[in-house]
Structures are given as C-alpha cells and as structure tokens.
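These are the residues of each chain, in order.
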Amino acid sequence: MHSISPAGRALARLGGCVRLSAQMNKNSSSMMALAPNTSNKRETVCIFGTGDFGRALGHKMIQSGYPVVYGSRSTQISNLIPKDAEVLGHAEAAQKAAIIIIAIPRQHYNFLTPLAEVLHGKVLVDISNNLKLNQYPQSNAEHLAQLLPGSKVVKAFNTVSAWALQSGTLDASRQVFVCGDDVEAKQMVMNIVRALGLTPLDKGSLLAAQEIENYPLQLFPMWKFPIFLSLGLTAFFFFYCVLLDIIYTYIYEKNDFSFFIAITIPNRVCPVMALILLALVYLPGIFAAIIQLYRGTKYRRFPDWLDKWMLCRKQLGLIALAFASLHVLFTLVTPIRSFVRWKTSTRIISQVMNNKTEPLDHTNAWLSDSYLALGILGFFLFVLLGITSLPSVSNNVNWREFRFVQSKLGYLTLILSTAHTLVYGGKWFLSPSTYKWYLPNIYILSLIVPCAVLVVKFLLIFPCVDKPLTQIRQGWERNPKYSEQSNYIINKSAV
Amino acid sequence: MHSISPAGRALARLGGCVRLSAQMNKNSSSMMALAPNTSNKRETVCIFGTGDFGRALGHKMIQSGYPVVYGSRSTQISNLIPKDAEVLGHAEAAQKAAIIIIAIPRQHYNFLTPLAEVLHGKVLVDISNNLKLNQYPQSNAEHLAQLLPGSKVVKAFNTVSAWALQSGTLDASRQVFVCGDDVEAKQMVMNIVRALGLTPLDKGSLLAAQEIENYPLQLFPMWKFPIFLSLGLTAFFFFYCVLLDIIYTYIYEKNDFSFFIAITIPNRVCPVMALILLALVYLPGIFAAIIQLYRGTKYRRFPDWLDKWMLCRKQLGLIALAFASLHVLFTLVTPIRSFVRWKTSTRIISQVMNNKTEPLDHTNAWLSDSYLALGILGFFLFVLLGITSLPSVSNNVNWREFRFVQSKLGYLTLILSTAHTLVYGGKWFLSPSTYKWYLPNIYILSLIVPCAVLVVKFLLIFPCVDKPLTQIRQGWERNPKYSEQSNYIINKSAV
Amino acid sequence: MHSISPAGRALARLGGCVRLSAQMNKNSSSMMALAPNTSNKRETVCIFGTGDFGRALGHKMIQSGYPVVYGSRSTQISNLIPKDAEVLGHAEAAQKAAIIIIAIPRQHYNFLTPLAEVLHGKVLVDISNNLKLNQYPQSNAEHLAQLLPGSKVVKAFNTVSAWALQSGTLDASRQVFVCGDDVEAKQMVMNIVRALGLTPLDKGSLLAAQEIENYPLQLFPMWKFPIFLSLGLTAFFFFYCVLLDIIYTYIYEKNDFSFFIAITIPNRVCPVMALILLALVYLPGIFAAIIQLYRGTKYRRFPDWLDKWMLCRKQLGLIALAFASLHVLFTLVTPIRSFVRWKTSTRIISQVMNNKTEPLDHTNAWLSDSYLALGILGFFLFVLLGITSLPSVSNNVNWREFRFVQSKLGYLTLILSTAHTLVYGGKWFLSPSTYKWYLPNIYILSLIVPCAVLVVKFLLIFPCVDKPLTQIRQGWERNPKYSEQSNYIINKSAV
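Chains as they are written, first to last, in our numbering: chain A, 40 to 534; chain B, 40 to 534; chain C, 40 to 534.
Keep in mind the hints are simulated off the structure, nothing from the lab. Where a beta carbon is used, it is the ideal one built from N, C-alpha and C, also for glycine. There may be inaccurate statements among the hints.
Simulated crosslink set (SDA-like; lysine to any residue; CA at most 20 Å straight-line) [said to hold, decoys possible]: (1) B/395 <-> C/145; (2) A/447 <-> A/494; (3) B/506 <-> B/443; (4) B/382 <-> A/389; (5) A/382 <-> C/393; (6) C/382 <-> A/376; (7) A/496 <-> A/458; (8) C/395 <-> A/458; (9) B/466 <-> C/377; (10) B/382 <-> A/397; (11) A/447 <-> A/376; (12) B/171 <-> B/144; (13) B/382 <-> C/379.
Just a few of them, taken from the derived set where beta-carbon distance is under 7 Å, the chain B residues facing chain C [claimed, not checked]: (14) 271; (15) 274; (16) 403; (17) 409.
Here are the computed distance ranges between Cβ atoms for each label pair [as the list claims (entries may be wrong)]: (18) C/288 <-> A/382: 50 to 58 Å; (19) C/479 <-> A/443: 51 to 59 Å; (20) C/483 <-> A/490: 48 to 56 Å; (21) B/490 <-> A/288: 30 to 38 Å; (22) C/508 <-> A/386: 56 to 64 Å.
Bound-form chain A, shown alone:
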C-alpha cells in the first residue's frame, strides 16, 4: 500500500522543498512538524492522467499532505509517478476520491463518457489549457460539464505552470483562478489551492472558464499597440536626428559627430517621445468630448478606434514616463561625458587666450534655470502619476481621488512639460539657421500635438462649453425621442 502515510514519507524524501503560501513561504521547515498528523486528515484526491502536469500536481499535493490516487490506462507503476501515489484503473481510482483532477487533453474528454456513472456527483477539476486564444467555441470546462452533466465541474490550476509547481519557485503570481457553478465544489477546490500554498481567486460561474483558459496564453495584449507605436515614432525621430545632426554636419561642416548616436541623439529623441506620448494620452479625451458635444448625447458608442485608444491610455502614459526617465538620466550624465568636458575646457581656454571674461548673462541664467526647474517639476509629477497607477495604489483610492490625480495632475504635468520644451527650444523657432535642408528641428515637431491638446482643452473648460458637456455626461440628451425625468412622483396606478 502506498497511501498509508504518504505525507510523512514524501516530506522526508523531498525535504526543504515544501513551501506553503505567498506570505508564509519564508520558513519551509515549519511544515515538517505538521506532516505526521496530516495524513489522516486530508481527503484523497484522484488525478486522471499521468502527463507532466498531472505528475507535477500530484507531487505537490503529496508534499502538502494529500493522499493521491492516479487513474491510468495502465496500472504498472512508472518511476515518473510520485512514489507515494497509488496507480489504479480510472474507475477504481475515481471511486476512492470525491475530487478528480482531469489532467488529460480536451481531445480525449470523450473517453470519460463511459465513466459517467462513476463520476456522478463527483467534483471534476478541469485544468486544461489550449494552444491558442479561443481555440474552441466552447471552453474546455463547459465542454466537460456538457459531457458529464451529473458531475460538478470546476475550472482551476490552468494558470499555474508545471515547472513552477515542480521547482517550487513560485515567484510569479500565486493566484489560481477558480470558477464553477457548484459553490461547495468550488469551495473544496479552493481549499486544496490554499493548502498548496497558492491563492484562490473566485471568478464566479463556469461562464468565466473561457476567459480563464485564454488568460495564460496572453503576452501583454494591451501593450502591443502602444509599444509598436513608440518603436515606430522612435525610429522615425532617430533617423531624422541622424540626418540633421550627423549627416548634414558631416557634409557641410566636415565634422564627424558620429558618436552623437550614443547619447546626444537619444537624449533628443527621448524627450520628444515622452512629450508626444503624454499628449496622446489626453488627446482621445478631447476627441470624446468633441464627439459628445456634437452628438448631444453620451448614449452612442464612440468609433472603434477611439474606444481602443482610450483603453490603452495607461500604457501610453507609462511608456511616456519611461522615455522621460531615460531623458533625465541622459541629461544628468551630460557633465561626465568626455565630449562635454572637452568642449567646456576648450571654451574656457579660448576665453583665456582672447583675454576676456564674459559677464554673467542674466537672460541666459533665467532661461537655463527656468527650463530645468520646469522639467524637474514636470518629471516629479509624472513619476507621481506613475506611482498612482500601480495596482495596489490605485485600488486604495476612490473614483474621485483617481480622477483628481489622473486628470488634474496629469494636465499639470502636460503643461509643465510643454513649457519646459518651449523655454528650452524657444530660441530655435525663430533663428532660420536651424532649418537645415528646410526641415524643422524636432523640438518644433514635438510641440504640435501637446500644444493642440492644451489649446482645445483650454477652450473646453470655458463655461459655455463645459456646462452642456457636464450635462451630457450626467445623462442629459439634446434631442431625446422620449424623455423621462428621474423625479419619482408616487404614481400608484403605474405601480
């Protein structure tokens, strides 16, 4: 018999490998003392299928004190199967446990139908994953529930990787999404999840199974568009700068400034990208307001592109913050750069040679200090916005607070950043010498979107525009077919 005291033996063999929960995984030895009296308490779990994930889950369960029975076509004991587990035929194994984990692929679910009688009333845990998003019209768990209507199907464990279970290195999310129509069955599975040191998250009824099955297949879906947009714009501005700053200089001034590629040009592209992306965060809100004003209602859907744009504003903002941070770092290393030190000493030496001392240029001092101060304040607010978008912080503020931060502070950040760029790059607007090959400097390009956003936003906060907009957003319609006011006069005949 393999199942008499599996926990004790498993623990003796597996040693320090037991780690219970996210917050308690700090002291694995605590489980050792726990083991002896667990074997007679935990209910037996049956696992159908001896594939990789079935074995990994079995190992982990035995470590956590569960007697495990494998249901398999062949009852010969493989050395792959955890030593303390029993291996029986499917029907025999199923009879031994109230919970059966279905660790076999969806294609083979049909083979369970002859077992319907044995599985009647049992909790079946569907742990399967698909190879691509929405592979089947119906989720695997719902398919299983349809095949075996007498069993209680619970979806769980599919978001955990076998490798992670095996190695115990659960650094990533310990959350296990659980869904199912039977509340008690779900509760039983959630208890096992907790016992394995993971955190169950109830996602409601079995209707959520499709989502749960799609979840582990995703790779930052919301980030795709913002990242591709940023890469494209960055490449464009980078080559634009290479053209104007390196190639132009090389052709007309015979100076080789190719080393500008490392810092000078990145430090021109980063602030431009940060400013444009930050403006793109607030642009869809402007469009939405204009559309609502034009239509006179909020009850019609926005065009699809605007909808999608609004949903990736957070991502756009965070990428803008990344560019701003790089800009700060690139700027702060300026005085350490070999080229800058050479330029400084050359300038001083030439002054000495010419035997003249320049007086302090007050305008220059003002401009230089102003754009630095504006930049610092803008960056500071930007980091604040970034911190409030951390999930744990944004969960701790209410809607009023969130909108205050994201809207008020966000626009202040945009104003400060735009002012920073205007003060810094102002001198380039007028001087014609900056128009190399009749192309504008990228500072000028970078200011178009943010200035447009700020101007239109300024117009939108005028009372004559703001008032109807606020009304529309509170549910008012300019041309309603039939208007029902929300005042409730007690009208007994209608009741």
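Once you have looked at the hints, place chains B and C on chain A.
Relative to chain A, chains B and C alone:
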C-alpha cells in the same frame, strides 16, 4: 419580446466594449465566443429607476449576459434605455427577478413601501450615494432595510462611477464594496459583480453601509493636514530665502540674483522641508513615550492632537520623501546650470590671470565627499522606506518586519540626513557673516527639530528609561487600582 | 449592567479613535453616527483572559459595537479592563456568547478542560503566539482542538499586535490570517475581523495553524543569506580597494587620498557588487539546466544548496538593484565633488600654461558616450525588472509574461551591464601599470561571473542543447524505467 437573446444582440451591437475583470481585461474578444450560450444561464436582474446610473448598469449587465428588466412609472420605451431591456411597471418587473437594483434616490424610497409584498424575500441592492459625508444619521441601505423588513438588502456598486461603467475605462479601482446581513443575498450580488468584471470586497454586515456610502465622497482626507502644513512651511521658508538671498543681496551688494527663484532657492527649501517633515514623523512617537512614562500606563488615551498626528505620520513621511527627491534632482542638475558653468569658468580664468594654481584642499575634499555620501545613503534608505509603505509591500511583511523597517531604518535615515545637513551647513554656524539682518540661515532653523528628536530618542533608549517604558507598553501599570496578574492558577471554585 | 449600550458609551469616551478598515479608515467620524443602532445588532463576544492582548482586543471590539464579556478567575472589575465590558466567571461568561476568544497562554490551556461541556459547540478563537519558531511539535490551535473536541477552534488575530490595536495606528498589514476546520465558525470570526477594520485572509483548515503561528516570529527569513553574502562581498571589495587605491598610493606615490573612502571607493564597489549579484541571479538557472541535461530528467530533486539558491534569486536581484541605484547616484554627483572640480580646473590651467589646446579625441568620445549609454539602458531595464517584482504588479501578469520579463529582459540587463563594464574598464585589462602588487583591478574580478554566465547561456541556446533541455522540461526522460505516453487511446478494458 426584448429578452430572448439579449447578450448575443447586445454584444453584436456593442462590439469590443466588453471587458470582464481586472486581470483578464486584456483580451476583450474572448467574450464574443462566450456570448451565445450565456443568455439562457444568467438569471434576470430587475432595475428600478431609469436614471443615468440605472441605465449604465443595465447596459453593462446586458453586455455581460444578464437579461435586464426595468421597473418604471411609464412603460413606454425610451431610447435612453438599453435596447435589449424590457421596461415594465415596478410590480410587474419585480416579479420577474430575484434581484432588484434600487437605482432611485433615497428621498423616493418611501414609494417602495406599497410594493413591500412583491419585494418580500427579494434581494434589494442599494446603490445610492449621498451628496455629503454623513448626510443622514442612518445609512441609505439601513433605511431601506427598515422600510422593507421582509427584503434582503445588500449595499453595493455605489463606489463605481456611471461614466466608468459606460465607457468601459475602468482604470481605477475595480473593487466593489459589498455589505449585507444575508450571506446568500450577498453571494448573489458578488457573483454579479464578478460577472461585470469587477472585484467584490465583502465588508461584512449592513452596519458597514454608512462607511461604504461615505467612501466615494472623500478626497484624500488623511492627506489634508500634512499637505496644508507642508504648503505653509514651504511658503514661509521660500520667502525667508528670497529675503536673505535676493533682496538682501540686491540692497547691500547691488547684485540681481532674481533667477535664484527658479533653482537655487527651491533647492534650499526642499532639503529643509524634507528634514523637518521627516523629524515630524518621529516626534509624536517621542511625545507618546514621554506621556506614557509620565502617566505610568498605556491605558489612557493620548490627547486628541497627538492621536491625529500619529495617524498621519505615513503621509508626512511620503511628503518628506517627495521634497527629498526634488532636492536630489535640483542638486544633480547643478553642473548643467548656465550660472554655475559661468561661475566655474570665471573662477578658473581668474586663477589663470593671477597665475597661481591652488593645491588640493584635503579638508574640503573630505567635507564635500562626506556630505554627498551621507546624503546619498540617507536618500537611498528614505526611498526604501517609501517602497515598503506601498500597500502591496506592507501587506507582505509581518509586524516585526514592519516595525524593524519603519523604526530602525527610519531613525537611521533621520540620523544620516541630519548628519548630511550638519556636515554641509556646519561652516555657517560659526561665521557671523551669515547672519544677515541678524536672521539665522535656514540650515540652522532646519536642524532644530531633527536634533531635538534625536537627542530625546537617545535618552529614551537608555536602559533606565527603556525598561519601564517597555513594561508599560506590555500592559504593566505603575499605580493600578486593582492589579490582576496574568498567571492562571487553576481555580475550580472560580470556574 | 454594563452591556446595555456599550458601543455608544465607548465611542463617546474614545472619540476619534475608531478606525474601521484599510480603505475606509480615512474618515473616522463616520462611525459615530453608526454607533447608536449597533448595540442591539452585534452578537456578544466572550474573551477568556484579561492580559494585555485580551484587553486590547476587547477595547477594539467595544469600539466596533460588540458587547464584550470577560471570563476571569476574579470578577472584581479592574480599571485595566474596558469600562463597558462585563467581567464574569469563566463558565458564566462563556454561556453568554457563541464566540469565545482564548487570550491565555498555551501553558494554561489545560485549565479549559473542566469547561468542556460549557464550551461544547462554541467557536473558540485561538489568538496565541509562541516565543520561537516551531516551539511545540503541534500548533497551539491544534492542541486546543484536541483538548476540546466538541468545540470549533479557529486560529486568528495572532499576527496583529496589541499595541497596534490599542493605538489604532495600523499602518502595517491589516491582514488577519484565519484558519479552522469549521466553515461557519471561520465565517463568524472573519465577520468580526472585518468589523474591526481588518482584512481576513482564509488560510484553509486548521492544518495551517502552525504556519500562522510561525509567521509573526519571522524577520525577513528569505533575505538573510543574500544580505550576509552581500555584506561579506562588499567588505572584501571595499578593503581590496582601500589597499590598492589608498594604501598603495600612499606608500609609493606619497599621496594622501584617504577621502576616497567616502565616494570614490563606494562607487567602485557598488557597480562591482551589482554586476556580480545580478550574475548570481542567473547562475543557478544555468546549473539547473546543466544538471537536468546530465541526468536526462527533471524528476529528480536538485541538490539542496541549488534549491535554496533558486529560492532567493528575487532577493539577490533586488539587492543588486540597490547597489546599481547607489552606483548611479554616486556617479551623478561626480561633477559636484570638490576633488573633481579641483582636478578639472587644474587640468585646464595646465593646458593654458603649456599654451596648447587638445583636439577632440574621437575614440575617447565614443568610448565615454558608449559606456554611459549602455549603463543607462542597463539600469533602466534593471529598474523595470524591480518594478515587475512588486507583489501587486507580478500578481497582474500571467506566467508567460512573468517569464518573458524575468528571463528575456533579465538577460538583456545582464548583457548591457556587462558590456557597460567591459567598455568602461577595458583599458585596464591590457595596461600592466594597473596590476599594483600583482593584484588585478576589481573591474577584472567583477567580470568573471557575469562573463561565465553569459558564455554558458549562449551555449545553452544552441538548438542541439536547447532541444533536449526543452523536452526534459516538458516531462520527457532519457532513461525511463517505464515510459507511459500521454496519448489517450480509448481502452475500455482498462477503464
């Protein structure tokens, strides 16, 4: 009939707008496949009231596959009401569903009393909000429960904004606070919350309703005092610096240093504010210890001002960190400033003109490197303290760890920051020339509070003071009226 | 009678001290209005033991509207006990409540056995803590459950400190771990936890009690090894640098550079530590891959040291990030240092004296800009890795995303950091003058581990090595005793 397959139609019409949960909202298309088989599974939900929030919630529910019935005075279909919803009289609508969402203002709750019989045994979801904190002595939900004692009242959804539900841009908290006296009713509502892609948070019985109703009305209540204090102090120190550094210089030395307003003075005010606020974080703890030592007990309440002060220490500390970060940024841009570059070259040129080279001043090199190193280490620890106060991090440490970080590392930060200021500003203490208009330099002002805190704290850790304090904090009293020791002698007669 | 309206009186006396929950603790006054109608709703709670924690919990419960009855040997009222609580004999007190909080030490649990009959069917809440980890083979709560098999034992509250409850300053974790075998009893206790403004966290059955009892005794157990390792290495490199940079220079060049201790040497040690620790994060993965390739299976445990190493990779990485951040700060203050400013002006003056201007050294400009750019990008990615390891962020990414970030971005960070060091320190490799006392420069020492990791990793991604490794990690074995394929042919006889 509108309710035959609302989900399918709603989804077809609303397209990519469906987003289920915080962690699963990445792939909206996954819901499309889910839609067809949901319509016959989700239970019908009734909504009383066709105001803005009622309509927004109805839209969202239809998108998530719930058949929705509106209860309204007038059963004419308005184009504001979601197309796939039925509109019936209140009584008729209520009979169709087990859950009725009361989307009407509290003032009109009386109109529900004639419906008591129809609503008997039904789950009523109170989603109302008030206009100001504690507007009524009794929460809306408890008022509703009193009016209809036969119904099961659950408070929910009031923290979600209609605009957010409508637009789908749930960037902020997805948490929906739920409370109610009936566990099953609460569970039913929580399932709907999950199905809408939000996260229910059980806040216990209906007694929590007042709190839940107050929650969305708050705007950073704990931050108000720390922010006003900081603004006041900042303004004071700013004008103090303007007086001494710009006006004094202009009057007596005829130099116009007005551009100091942009960076030089902010970079004098920020470190002063950071140091003072950091000391103010630890000052109430000192006061509390003195009061407890004096009273000889911990079982009497602190004065009100101390209680409030202790509760906003985290906020004070975070504002101090913000000032420290600004100080770091302002300091690091120093070499890029036009004024500083001018000063450097002027100094070098004057050395050349006088034909002398200064040897390395070792004392100066030591002082300069020491205060920079102290400042860097202090700032580093300060950032560490800030990170551990993030909700998700502080939830993952136990009390012992939290107190170790906040107390031990906190005091180390204060010591390092004070030492940084002392080493940097030390030279100003003695030289009389720094006392312009007999006013002390702000470095001296900034050191008063932190030095006082450190000296008293140093006295408090002496064993002769620390021992009684520790005893008091473990429950010991110096002059108890009646003292009961915690040793348990088995005393059968007392049992 | 003390229990008629304890809540009202308690609140009147305790004033602003009431704070309900983590997210709602912003407005304590909201509870005042709540108080009057609570007294007749909350069920009575009995507390056995009038020690410090028992009193603190009683205070808090009365504030939250619970009638509290103390069970005590002596029924004389002590002024330590909350004024609104009743004090009765143990048996009498227990009869008044369904929930009894056992606030007495484990050593005195035996005294409860005579009360078994009175306590039959009651919910006993074990709140005890031990003095050291795994003090008893059986957890206190399980011991209690064994003594009183007729009662429903729930473990809770042991992770909350009496001081925190008393002072209301619950800045740290508000999570209360709850475990117990009876679901309803657990639910009752969790409702009390919520009413006290804390967040209950269900940890499953009473088997989790040992863990919960060990939790508050820990002090960063996972951080111990990484911190000691870092301290040791830091001390070694620090003295190595002192030897070569200060002592050697003093002996052979008669220059006193002792002030290098403050910034120059820390800024040499920090990057070295950051690079080595980052490489040590990826080294165990390399070892694991080699071991798996050699053994031809993933189903045998790794040696213990490797297991432990793999479990503290996150901590190693975060310490590496701390060193990298310090390196960045130390580097950025370089131009402000008195010594550096002196060196710069001396260099310029000597150029002037010699009447020559150096032309721009393009190679130098390239090298200087390249290593700065590489360092900035590497640090940027490193900070990104740090942010994704915040619990709230890592809980919001799935396994695929987590592995993408930690593996792909992690290796990119390592490559950039190594390249940064190579470009910066490259010149020291060849020049023999850098081998003071035949000892290599620490740049050379720092590159050994990261280069080794990168070279082996490069070999491991060759298809001829990667393919068998991937197979092994998917569960394939090179020499299985008995091999069961995971294809499920419907085999009715086996069923």
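Status of each hint after checking the structure:
For the proposed pair residue 395 of chain B and residue 145 of chain C, the alpha carbon gap of about 80 Å is over 20 Å, so the pair is violated. With a C-alpha separation of about 16 Å, the suggested pairing of residue 447 of chain A with residue 494 of chain A holds against the 20 Å cut-off. Note on residue 506 of chain B and residue 443 of chain B: the hinted pairing holds, with a Cα-Cα distance of about 19 Å set against a maximum of 20 Å. Using a Cα cut-off of 20 Å, the hinted pair residue 382 of chain B and residue 389 of chain A holds, with the two alpha carbons roughly 16 Å apart.
Only pairs whose Cα atoms come within 20 Å are accepted, and residue 382 of chain A paired with residue 393 of chain C is accepted, the gap being roughly 18 Å. Between residue 382 of chain C and residue 376 of chain A, the direct Cα distance comes to roughly 15 Å. Compliance with the 20 Å bound is thereby established for this hinted pair. Annotation: proposed proximity of residue 496 of chain A to residue 458 of chain A holds, straight-line Cα distance about 16 Å (limit 20 Å). A distance of roughly 42 Å separates the Cα atoms of residue 395 of chain C and residue 458 of chain A; the hinted pair therefore is violated under the 20 Å criterion.
A C-alpha spacing of about 15 Å is found between residue 466 of chain B and residue 377 of chain C, which places the hinted pair at or below 20 Å, so the restraint holds. The suggested pairing of residue 382 of chain B with residue 397 of chain A holds, with an alpha-carbon distance near 10 Å, which does not exceed 20 Å. Pair hint residue 447 of chain A plus residue 376 of chain A does not hold up; C-alpha atoms about 38 Å apart against a cutoff of 20 Å. Using a Cα cut-off of 20 Å, the hinted pair residue 171 of chain B and residue 144 of chain B holds, with the two alpha carbons roughly 14 Å apart.
For the given pair, residue 382 of chain B sits about 16 Å from residue 379 of chain C by alpha-carbon distance, which is consistent with the 20 Å threshold. Checking residue 271 of chain B against chain C by beta carbon gives a least distance of about 22 Å; that is not within 7 Å, so the hint is violated. Of the supplied interface hints, the one on residue 274 of chain B is violated, with its beta-carbon coming no nearer than about 26 Å to a beta-carbon of chain C, more than 7 Å. Because the beta carbon of residue 403 of chain B sits about 5 Å from the nearest beta carbon in chain C, less than 7 Å, this interface hint is met.
Interface hint status for residue 409 of chain B: upheld, as the beta-carbon distance to the closest one in chain C is roughly 5 Å, under 7 Å. Checked against the hint of 50 to 58 Å, the C-beta distance between residue 288 of chain C and residue 382 of chain A comes to roughly 31 Å, which is inconsistent with it. At about 57 Å, the CB distance of residue 479 of chain C to residue 443 of chain A agrees with the hint of 51 to 59 Å. Against the hinted window of 48 to 56 Å, the Cβ-Cβ separation of residue 483 of chain C and residue 490 of chain A comes to about 52 Å, which satisfies the hint.
Remark: the range hint 30 to 38 Å for residue 490 of chain B to residue 288 of chain A is contradicted by a beta-carbon distance near 56 Å. Separation of residue 508 of chain C from residue 386 of chain A is about 58 Å and conforms to the stated range, judged on CB atoms against 56 to 64 Å.
Comparing the model with each numbered hint stated earlier shows that hints 1, 8, 11, 14, 15, 18, 21 do not hold.
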